[in-house]
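> The listed protein sequences correspond, in order, to chains V and R. Using the working numbering, count along the first sequence one by one with no gaps and you end on 250. Using the working numbering, count along the second sequence one by one with no gaps and you end on 250.
Hints in this document: simulated from the structure, not taken from any laboratory. Any given hint might turn out to be false.
One copy or any two copies: either way a pair holds, since identical chains are not told apart in the list.
[Unchecked claim] Below, in silico cross-link-like pairs of lysine to any residue (SDA-like), each with a Cα-Cα straight-line distance of 25 Å or less: (1) Lys215 with Pro191; (2) Lys215 with Pro115; (3) Lys189 with Ala141; (4) Lys189 with Ser137; (5) Lys92 with Leu187; (6) Lys215 with Ala42; (7) Lys189 with Pro168; (8) Lys131 with Tyr65; (9) Lys92 with His31; (10) Lys71 with Leu113; (11) Lys189 with Thr166; (12) Lys131 with Arg194; (13) Lys71 with Ala41; (14) Lys131 with Leu76; (15) Lys131 with Arg43; (16) Lys189 with Arg231; (17) Lys189 with Gly218; (18) Lys189 with Phe142; (19) Lys71 with Gly167; (20) Lys131 with Trp184; (21) Lys215 with Thr35; (22) Lys189 with Leu235; (23) Lys131 with Leu26; (24) Lys131 with Arg192; (25) Lys189 with Ala239; (26) Lys131 with Phe68.
Listed below, chain by chain, are the residues.
There are 2 protein chains.
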Amino acid sequence: MKKQGEAKEGAKRGRGRPRGATEQGLETRQHLYETSLRLIAARGFDETTLRDIAQEAGVSVGLLYRYFPSKRAIVLALYEELSARYAEAAVKMGVGPWRERFLFALRTSLEVLGPHREPLTALVPVLVGGKEEGLFSPGTAFSRLRVQGAFVDAALGATDAPGGTTGPALGRVLYMVHLAVVLWWLLDKSPRQRATDGLIRLLERLLLPASLALKVPGAGAFVRTADALFRQGLLGEPAAPGDAGEEPAS
Amino acid sequence: MKKQGEAKEGAKRGRGRPRGATEQGLETRQHLYETSLRLIAARGFDETTLRDIAQEAGVSVGLLYRYFPSKRAIVLALYEELSARYAEAAVKMGVGPWRERFLFALRTSLEVLGPHREPLTALVPVLVGGKEEGLFSPGTAFSRLRVQGAFVDAALGATDAPGGTTGPALGRVLYMVHLAVVLWWLLDKSPRQRATDGLIRLLERLLLPASLALKVPGAGAFVRTADALFRQGLLGEPAAPGDAGEEPAS
């Protein structure tokens, strides 16, 4: 068994480890990552090349390539980082009805994304329209599911959690509502995105009637249909028996 | 005064008219326009160059440039064409409550856009994220206002039109809802965009309770606030006194 000091020394020298796992490698990676995001924020995603990034960071294209072989890899690293931070912040969700837990999950998302608004705004065309790096692409599923999980948890762990399959369906529908608010926030031209605060206040006012309506017979089917449409339409999942985009009878 | 035959002959030869106004010019323009949209649909907006378009159309870059000096000009021509067709189709709106007139306006929009779904899907990054050619850019205001006008008319001409400034505000909010449905339709991965039909059926079920709720005191203020937030947040208009993103007292 190695002594701790030895293991640390080994890690520092990067013996047998992939590039980027040493302390120096991590620093280089972070430098390249931040330079990339700064350039993308300033010039736009399509207008930024790997060559530009290498030049700005003062490294060779070859070295950049070993850390980030494509602009896609940079975007995926950003998703990975933000979704991990979000998952960490979202565990502080309190006990309460789903409408309160949802508002916490939504506000926490905007807080985590806040410092990165500039590169994210530059990435809107990619987030919404990108076939490979888009929000609904299979390649970004890991980060998406991590964030979506917090919204499903907001519904399932609520004091008024709907029963059966309506609970997770509500969580996924709330995740979609959250995405719409985030898109609005990224496009928001008002000073300090003040209009987004207003939008969340309006949403807040709709949540109480919505949570009352969810207790009415048939409302669960409405939520399950909305969820099925989201999965079929935006994620491209095949229709499951009974949710073929049709409203169930209940 | 010229005889009609003379005037027609003059038009044919393009005497003193800008290029594109002769019959042959119009044909060339149409050929270049259709070739552009086909290439953009196949390759994506950013991946298509004016050089590619000229080559595909079998003309010189110089000739293409005289009709379409930039890719932006092509996108604006598409907006112009589709919004004109839409305005024409939307005049057939029948008498009835605003929820029915809105559904007509929404379905008509999807019918007019239908045959152009492929280039429009390729343009989603531009429509949503583009600073100059985007849906909310000042440069596209003419086409936007033409379509928005039909939705404002759907509210104002309804048998249950809300009074005062709530009527036009409702129309603009409905226009926004329509844009969200169009975006969903462009991203819809389900066969024959079946999930969009389902989404419209869900929306239809929400419209009756929504139109009843609009008769409750205070609901008008809610709609006016939503409209003010849309104008400030997405269009970047300055806050007017009384709609500063805050909810009016009423």
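> Against each hint, give a clear statement of whether it holds in the structure.
We went through each hint and held it up to the structure:
no., hint, verdict
1, Lys215 with Pro191, "neither (39 Å within a copy, 33 Å between copies)"
2, Lys215 with Pro115, "neither (38 Å within a copy, 42 Å between copies)"
3, Lys189 with Ala141, "between (29 Å within a copy, 16 Å between copies)"
4, Lys189 with Ser137, "between (27 Å within a copy, 11 Å between copies)"
5, Lys92 with Leu187, "neither (28 Å within a copy, 34 Å between copies)"
6, Lys215 with Ala42, "neither (48 Å within a copy, 47 Å between copies)"
7, Lys189 with Pro168, "between (34 Å within a copy, 22 Å between copies)"
8, Lys131 with Tyr65, "within (22 Å within a copy, 30 Å between copies)"
9, Lys92 with His31, "neither (31 Å within a copy, 59 Å between copies)"
10, Lys71 with Leu113, "within (20 Å within a copy, 32 Å between copies)"
11, Lys189 with Thr166, "between (36 Å within a copy, 23 Å between copies)"
12, Lys131 with Arg194, "between (31 Å within a copy, 20 Å between copies)"
13, Lys71 with Ala41, "both (13 Å within a copy, 23 Å between copies)"
14, Lys131 with Leu76, "both (13 Å within a copy, 24 Å between copies)"
15, Lys131 with Arg43, "both (21 Å within a copy, 12 Å between copies)"
16, Lys189 with Arg231, "between (30 Å within a copy, 9 Å between copies)"
17, Lys189 with Gly218, "neither (39 Å within a copy, 27 Å between copies)"
18, Lys189 with Phe142, "between (31 Å within a copy, 20 Å between copies)"
19, Lys71 with Gly167, "neither (37 Å within a copy, 47 Å between copies)"
20, Lys131 with Trp184, "both (21 Å within a copy, 15 Å between copies)"
21, Lys215 with Thr35, "neither (50 Å within a copy, 54 Å between copies)"
22, Lys189 with Leu235, "between (29 Å within a copy, 7 Å between copies)"
23, Lys131 with Leu26, "neither (29 Å within a copy, 35 Å between copies)"
24, Lys131 with Arg192, "between (31 Å within a copy, 18 Å between copies)"
25, Lys189 with Ala239, "between (38 Å within a copy, 11 Å between copies)"
26, Lys131 with Phe68, "within (19 Å within a copy, 28 Å between copies)"
Hints 1, 2, 5, 6, 9, 17, 19, 21 and 23, counting from the list given before, are not met by this structure.
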